[in-house]
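Using the sequences and the hints, build the whole thing.
Protein chains in written order, with this note's numbering: chain A, 609 to 951; chain B, 609 to 951; chain C, 609 to 951; chain D, 609 to 951.
In case anyone wonders, no lab produced these hints; they're calculated from the structure. Note that the coordinates shown come from a computational prediction; the quantities given were computed from them, not determined experimentally. One should not assume that every hint holds.
In this list, chains with the same sequence are indistinguishable; a pair is considered to hold if it fits within one copy or across any two.
Straight-line distance between alpha carbons at most 20 Å, and here's what the computed SDA-like set of lysine to any residue pairs gives [stated by the list, open to error]:
no., residue 1, residue 2
1, Lys809, Pro687
2, Lys912, Ala655
3, Lys912, Gly633
4, Lys725, Phe923
5, Lys755, Pro779
6, Lys912, Asp922
Protein chains: 4
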Amino acid sequence: MIIVMRENATLQELSGVIRELEARGLRPRPSHGNSRTVVGVMEAGAAQLEGVASLPGVEQVSTMSTSFKMVSRDFRAEPTVINLGGAQVGGRNFVVMAGPCAVESTGQLLACARQVKACGGSALRGGAYKPRTSPYSFQGLGEEGLKILAAAREETGLPIVTEVVSPDAVPVVARYADVMQIGARNMQNYALLEAVGRERKPVLLKRGLMSTIEELLLAAEYLLSNGNHQVMLCERGIRTFERATRNTLDLSAVPVIKQLSHLPVIVDPSHGVGHSAYVESMCRAAAAAGADGIIVEMHPEPAKAVSDGQQSLDFGAFARMMDAVRPVAAAVGRPLPDADRPA
Amino acid sequence: MIIVMRENATLQELSGVIRELEARGLRPRPSHGNSRTVVGVMEAGAAQLEGVASLPGVEQVSTMSTSFKMVSRDFRAEPTVINLGGAQVGGRNFVVMAGPCAVESTGQLLACARQVKACGGSALRGGAYKPRTSPYSFQGLGEEGLKILAAAREETGLPIVTEVVSPDAVPVVARYADVMQIGARNMQNYALLEAVGRERKPVLLKRGLMSTIEELLLAAEYLLSNGNHQVMLCERGIRTFERATRNTLDLSAVPVIKQLSHLPVIVDPSHGVGHSAYVESMCRAAAAAGADGIIVEMHPEPAKAVSDGQQSLDFGAFARMMDAVRPVAAAVGRPLPDADRPA
Amino acid sequence: MIIVMRENATLQELSGVIRELEARGLRPRPSHGNSRTVVGVMEAGAAQLEGVASLPGVEQVSTMSTSFKMVSRDFRAEPTVINLGGAQVGGRNFVVMAGPCAVESTGQLLACARQVKACGGSALRGGAYKPRTSPYSFQGLGEEGLKILAAAREETGLPIVTEVVSPDAVPVVARYADVMQIGARNMQNYALLEAVGRERKPVLLKRGLMSTIEELLLAAEYLLSNGNHQVMLCERGIRTFERATRNTLDLSAVPVIKQLSHLPVIVDPSHGVGHSAYVESMCRAAAAAGADGIIVEMHPEPAKAVSDGQQSLDFGAFARMMDAVRPVAAAVGRPLPDADRPA
Amino acid sequence: MIIVMRENATLQELSGVIRELEARGLRPRPSHGNSRTVVGVMEAGAAQLEGVASLPGVEQVSTMSTSFKMVSRDFRAEPTVINLGGAQVGGRNFVVMAGPCAVESTGQLLACARQVKACGGSALRGGAYKPRTSPYSFQGLGEEGLKILAAAREETGLPIVTEVVSPDAVPVVARYADVMQIGARNMQNYALLEAVGRERKPVLLKRGLMSTIEELLLAAEYLLSNGNHQVMLCERGIRTFERATRNTLDLSAVPVIKQLSHLPVIVDPSHGVGHSAYVESMCRAAAAAGADGIIVEMHPEPAKAVSDGQQSLDFGAFARMMDAVRPVAAAVGRPLPDADRPA
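This is the structure we're talking about:
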């Protein structure tokens with residue numbers, strides 16, 4: 609259940625609501641959005657909330673039947689738009705985030721950043737902390753990787769997207785990143801969601817590889833109910849029986865999420881299919897399906913990548929993909945940002 | 609293993625090969641394609657085929673490592689193009705087949721046919737024989753339904769696509785249909801595949817809802833190895849854990865099949881997602897992904913449909929979908945056929 | 609909807625019900641069980657059946673909310689027991705059916721039959737018609753295989769279980785087999801289900817690897833509603849993402865089916881796991897879970913089997929499995945038949 | 609790659625190996641097991657390890673082809689046995705851990721503890737920290753719940769099993785718990801695995817509902833390579849398309865894991881099937897399959913449970929389950945501990 613406060617409610621009114629709820633044995637959890645504060649209460653029965661709707665400052669007690677609340681279109685009708693270095697994610701444009709799976713060196717990353725910039729991409733991705741299935745695999749450069757990312761931003765102006773894998777690491781990642789990524793394996797790591805939810809930085813939340821769309825929305829609810837409203841949802845493929853692709857990219861998640869939620873949707877075709885040969889096709893399809901953007905793995909020499917080389921585009925393939933996506937994005941009325949600028 | 613005969617091989621040479629293989633204890637199975645005859649042999653070891661490559665009329669003994677042979681790009685490099693009432697499936701155009709799940713009445717079907725025609729569709733679909741999960745569900749109008757389909761073709765000129773559900777029914781369906789559809793449940797009904805494989809009519813072969821792409825190609829191999837080379841493969845959603853959609857539409861099957869096979873690929877977003885609200889998004893995505901066409905369920909009054917009403921577009925939604933797909937198809941260089949015609 | 613006739617209803621009363629239903633525009637489908645005749649009608653509304661319950665000879669009009677009717681425990685409370693050469697499937701005993709995947713030769717099959725007999729098995733399995741994913745794989749010996757099976761029955765007294773893959777082949781298979789098997793790929797081959805439903809021979813219906821338990825029950829409903837009530841359901845593994853096993857054996861299907869239906873449940877651990885090393889463990893588990901029996905693949909020389917060698921037990925492993933299953937079956941009160949006989 | 613030190617190697621020899629590996633640019637990670645120390649190195653090529661096998665104190669450089677190392681049967685042939693309040697998990701006995709999903713009150717938990725004890729269970733389970741899909745659901749009593757668990761141990765002597773959900777909470781949970789549980793959602797929460805791996809308390813590691821058996825073994829590898837060798841693996845159902853059960857309990861994981869690893873395997877039928885009516889059947893099946901134990905949810909009043917009531921046994925059903933499992937466990941030679949004690 610959530611209690612929505614009026615836009616012009618006072619702090620005193622909020623305190624009054626909180627004290628009243630506590631007096632009823634509930635644990636109120638206030639969350640301050642851009643225009644509105646809401647108070648979540650866990651597992652309250654209708655009886656326990658009787659009369660709350662008429663307390664001073666309260667606009668309504670939500671009786672939404674969906675399990676998710678603040679991420680719902682019923683809670684907020686207009687789409688959430690997130691500023692990403694000038695591009696508006698969820699707004700008019702189709703945005704492309706690209707870069708290597710892992711930051712390996714300054715040279716590798718800078719080369720990628722320049723190619724992203726040159727081809728019209730809106731952000732640079734790169735992992736400094738890598739969650740790996742085996743303890744014996746390369747786990748990322750850590751803060752050194754974050755510094756390399758910051759240097760690339762310095763040179764190109766591209767905002768950077770990078771993963772955070774534990775609550776401890778949230779402060780250091782938040783210091784460097786423009787977008788904090790929560791990976792598929794951590795979609796239901798609630799301690800991490802709460803820590804990231806307390807930051808005020810945009811988040812890219814990836815769908816777990818065997819998570820339903822409803823569970824993805826509920827994971828996002830952890831972020832919003834902790835006060836972080838700048839959340840992008842990312843479809844990156846689900847695990848199925850099919851073996852021709854690494855995962856099965858569920859592009860129908862795009863219209864489903866658009867119907868249920870006001871949050872922007874990004875598609876990750878690289879993890880979705882797992883083979884570079886199929887990535888461009890899925891980038892085009894994501895744009896046509898109505899996604900707000902894509903996040904794509906690219907590497908100067910995919911065959912030498914320390915991770916995910918098989919699914920990374922080389923620079924030529926990336927440039928061709930961008931050329932192929934541009935007219936499709938335009939055809940659905942969501943041009944790439946560079947198409948809006950004078951040459 | 610398959611033995612490929614030279615283009616100008618004689619019937620006598622073919623007989624010679626067959627007799628020789630039989631003498632070695634094998635069961636040769638000749639298949640006559642448009643330009644080429646091949647002879648399949650089951651489970652032959654390399655030793656049993658020694659010397660066969662130098663028999664008169666033999667071009668090569670295929671040593672392909674893929675389990676499928678005649679459907680493979682290695683077997684035939686150029687794409688298969690199938691004529692569908694003037695539209696070329698697998699050729700320059702993006703084709704749209706549409707109509708109701710089941711033929712219910714002359715009035716219902718004719719209304720659909722006119723709408724398909726008016727909006728630029730290339731073929732009319734409609735089920736006369738319906739495979740149903742429950743024995744107590746409506747099983748279709750049978751031959752009466754085929755006659756109604758034929759009447760609609762008569763009036764509109766649209767070729768008709770309709771399902772065949774048992775070997776017995778192949779002759780009657782072949783008499784009326786322009787394209788015989790093999791449904792998802794029957795993808796591995798080998799008696800049916802063989803019966804349809806002996807016809808010389810185009811086939812739309814749907815992927816089983818829990819079949820891999822490789823199994824789909826092997827099912828198509830049953831058709832080609834029986835001599836029917838006019839096969840379209842259809843992605844229609846696979847069964848996964850996700851419940852927001854009826855199935856999970858695997859659009860990555862499009863680039864995967866295009867890489868492995870020369871056969872055209874059609875996408876069925878209606879069964880893929882199962883909710884009319886998500887169909888248009890997936891039609892656009894299918895066009896952008898590189899599919900050769902789509903097959904879409906439409907009904908004059910979806911709420912009253914005897915089957916699949918939830919996923920059927922009404923006439924207005926169908927027209928809007930066509931308007932939305934047209935620029936996307938054009939953006940990837942595969943315009944709808946009507947875009948090629950003078951107004 | 610189904611109309612259940614009284615036990616002592618006359619044929620005239622039945623005709624009266626049928627004529628009345630036809631007069632109301634319905635298509636009645638009578639089905640004659642051992643003690644009871646029922647009349648199924650497709651998609652009738654409650655209004656169309658008004659007053660039918662009081663026609664002469666009618667016991668009740670079923671208002672079951674489950675999609676399946678005659679297979680339901682609500683329709684028949686006592687378990688269905690099927691006589692299998694003296695063993696009672698679904699009765700007191702736990703039965704073991706075993707033999708090779710495919711009948712390859714008289715010698716191979718007779719050796720298997722003797723081992724099944726010697727170890728206390730109740731039936732001999734062996735495929736004469738093999739549905740194969742590839743058209744180039746061995747498809748079985750056909751009627752010759754059926755004759756070999758009959759010869760093995762002649763010698764050992766074991767009833768034989770063998771697959772039927774097309775409606776055309778039902779008569780010949782019914783002539784030889786004691787139990788007709790419908791394979792996983794054909795679970796929703798409705799023409800086949802109807803043809804087998806018109807026979808009066810026990811059927812082993814395997815769950816499709818893509819099918820829910822409800823769909824399995826509805827496939828069985830096709831058999832019962834066509835008059836064949838001697839149906840055993842077979843869990844044989846479903847397709848999941850796990851790759852350590854060929855399929856994922858869903859043993860929880862045993863208690864689920866037992867709760868919903870009166871039909872016996874057989875487990876096929878060989879196809880379920882796909883590796884001989886894991887078969888015995890799952891045979892024990894099937895007995896403990898409450899299954900009525902198991903069907904197991906065995907081969908004199910698994911490494912030389914023409915199909916499914918990897919999952920076939922050799923004779924020694926089969927004997928050890930039987931020794932391991934016997935005390936488990938006894939521990940759950942369902943001893944093997946030989947335990948009931950004097951030594 | 610891992611370097612295995614001799615049993616009698618000195619600390620100086622270990623330091624020598626570590627310095628040598630660091631000099632070669634590798635990052636050695638020593639792990640001290642009961643009888644053996646191993647040094648893991650990430651992503652080392654064979655060339656980089658040349659000569660390491662002949663350094664003083666080194667027994668061998670593992671060239672295992674499996675991705676997991678220390679959890680492998682190749683690394684340690686004899687089964688790992690874990691002492692659980694006198695019961696030997698992985699040893700002679702079949703152990704039962706039971707209790708409520710969540711600790712709700714002292715009264716509720718003590719009642720459960722007494723019933724577990726009375727029926728012959730070996731450990732008490734109960735969640736104090738609950739990972740929940742929705743931020744608005746009950747998240748557990750926290751340390752208060754741990755204190756209630758400790759009180760129940762005090763009274764009954766039963767060791768307690770309880771979940772830890774974040775690295776921060778590891779110290780407090782380790783202070784109270786006898787077995788730290790890592791839940792399915794956290795199976796690939798590497799920060800948590802590393803923190804628990806640094807403890808010296810037994811761990812129950814649950815398979816993720818989206819995880820392959822190989823991934824489960826690799827998650828365990830994180831624990832062992834950090835020095836914690838007392839790991840029990842827990843199969844608790846995987847996510848599939850089937851909807852009759854909450855998950856699909858993959859009992860074939862038992863023989864697969866037994867073949868690959870020396871670690872004990874526990875089965876959780878409650879989460880596996882999700883309905884109390886099916887739990888007993890799967891408890892029996894788990895014992896017969898060769899599992900080392902089960903963990904079962906039980907509640908004094910399932911209908912009033914704050915979580916997972918649908919799948920919890922009431923006290924009567926729990927007692928009946930124990931009576932049913934006892935003879936099955938005995939039949940496979942793994943009696944419950946109480947069967948070994950004089951009455």
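Review point. Which earlier hints turn out false for this structure, listed by number in ascending order?
Key: none
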